[in-house]
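Q: Single-letter residue listing:
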Amino acid sequence: DGGITQSPKYLFRKEGQNVTLSCEQNLNHDAMYWYRQDPGQGLRLIYYSQIVNDFQKGDIAEGYSVSREKKESFPLTVTSAQKNPTAFYLCASSKGVNTEAFFGQGTRLTVV
Amino acid sequence: AQKITQTQPGMFVQEKEAVTLDCTYDTSDQSYGLFWYKQPSSGEMIFLIYQGSYDEQNATEGRYSLNFQKARKSANLVISASQLGDSAMYFCAMRDRVSSARQLTFGSGTQLTVLP
Numbered sequence: 001d002g003g004i005t006q007s008p009k010y011l012f013r014k015e016g017q018n019v020t021l022s023c024e025q026n027l028n029h030d031a032m033y034w035y036r037q038d039p040g041q042g043l044r045l046i047y048y049s050q051i052v053n054d055f056q057k058g059d060i061a062e063g064y065s066v067s068r069e070k071k072e073s074f075p076l077t078v079t080s081a082q083k084n085p086t087a088f089y090l091c092a093s094s095k096g097v098n099t100e101a102f103f104g105q106g107t108r109l110t111v112v
Numbered sequence: 001a002q003k004i005t006q007t008q009p010g011m012f013v014q015e016k017e018a019v020t021l022d023c024t025y026d027t028s029d030q031s032y033g034l035f036w037y038k039q040p041s042s043g044e045m046i047f048l049i050y051q052g053s054y055d056e057q058n059a060t061e062g063r064y065s066l067n068f069q070k071a072r073k074s075a076n077l078v079i080s081a082s083q084l085g086d087s088a089m090y091f092c093a094m095r096d097r098v099s100s101a102r103q104l105t106f107g108s109g110t111q112l113t114v115l116p
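In the order they appear, the protein sequences are chains A and B.
When the letters of the first sequence are read in order and numbered with the numbering used here, they come out as residues 1 to 112.
When the letters of the second sequence are read in order and numbered with the numbering used here, they come out as residues 1 to 116.
In case anyone wonders, no lab produced these hints; they're calculated from the structure.
Just so it is clear, CB atoms sit at the ideal spot from N, CA and C, and this is done for glycine as well.
Incorrect hints may have been included.
What the hints assert, rightly or not - If you only want the chain A side, here are some residues facing chain B, beta carbon under 7 Å, derived: (1) E100; (2) F103; (3) V112.
What the hints assert, rightly or not - Straight line, CA to CA, 16 Å or less: simulated EDC-like cross-link-like pairs of lysine to aspartate or glutamate: (4) B:K3 - B:D26; (5) A:K83 - A:E62; (6) B:K3 - A:D59; (7) A:K95 - A:E24; (8) B:K70 - B:E15; (9) A:K9 - B:E44.
Construct the entire structure; sequences and hints are all you get.
A: Next up, the structure:
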């Protein structure tokens with residue numbers, strides 16, 4: 001079935017470590033997005049990519065990095081520079097500007 | 001200024017009754033899209049309904065309808081005949097040409113609880 005797969009579902013990170021969250025889609029969508037969600041709040045955009053080998057910072061990009069080497073994949077790295085990384089991370093993709101975004105199941109990252 | 005405002009942090013509704021979740025938005029663009037998503041406790045975001053700014057008819061999808069009042073800049077979600085499975089967080093979102101990458105901008109959400 002077509003969709004977006006995020007892994008892992010739960011991730012624990014020690015202080016000072018970098019971790020990478022995986023996001024893969026088989027919907028043939030050009031645009032992909034990473035959002036962060038804190039408890040009781042809405043989603044905030046971290047990074048987005050509209051085509052392969054191109055990506056742009058969103059509203060809260062500091063402490064994060066991404067790559068887009070393939071259309072299907074848009075991994076997010078949470079670096080040690082991110083001071084408060086504990087959150088729920090959602091990856092999304094969309095076909096066009098006037099269509100809905102499809103979301104993955106999310107990754108819950110906890111710093112221990 | 002906040003682009004999407006959801007003023008109801010929590011709502012309760014009796015099973016089988018209808019409920020309206022409020023959403024107001026702010027944009028200077030004439031062309032934009034409004035979306036509603038449902039987020040159950042599992043965390044996934046489920047797309048419910050879409051309304052384009054030029055659509056003259058209010059969008060409907062099964063038990064969901066969107067009460068679009070363009071002049072008031074409101075896009076309220078109406079859920080008819082509520083079911084226990086409707087208990088979830090509901091987010092209103094907007095996409096316009098002003099936003100970077102035509103990203104979805106989300107409101108803070110409304111937690112809906114359906115009572116048996």
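Q: Next step is simple, just say for each hint if it's right about the structure.
A: Structure-based check of each hint:
no., hint, verdict
1, E100, "holds (4 Å)"
2, F103, "holds (4 Å)"
3, V112, "violated (20 Å)"
4, B:K3 - B:D26, "holds (5 Å)"
5, A:K83 - A:E62, "holds (9 Å)"
6, B:K3 - A:D59, "holds (14 Å)"
7, A:K95 - A:E24, "holds (15 Å)"
8, B:K70 - B:E15, "violated (30 Å)"
9, A:K9 - B:E44, "holds (11 Å)"
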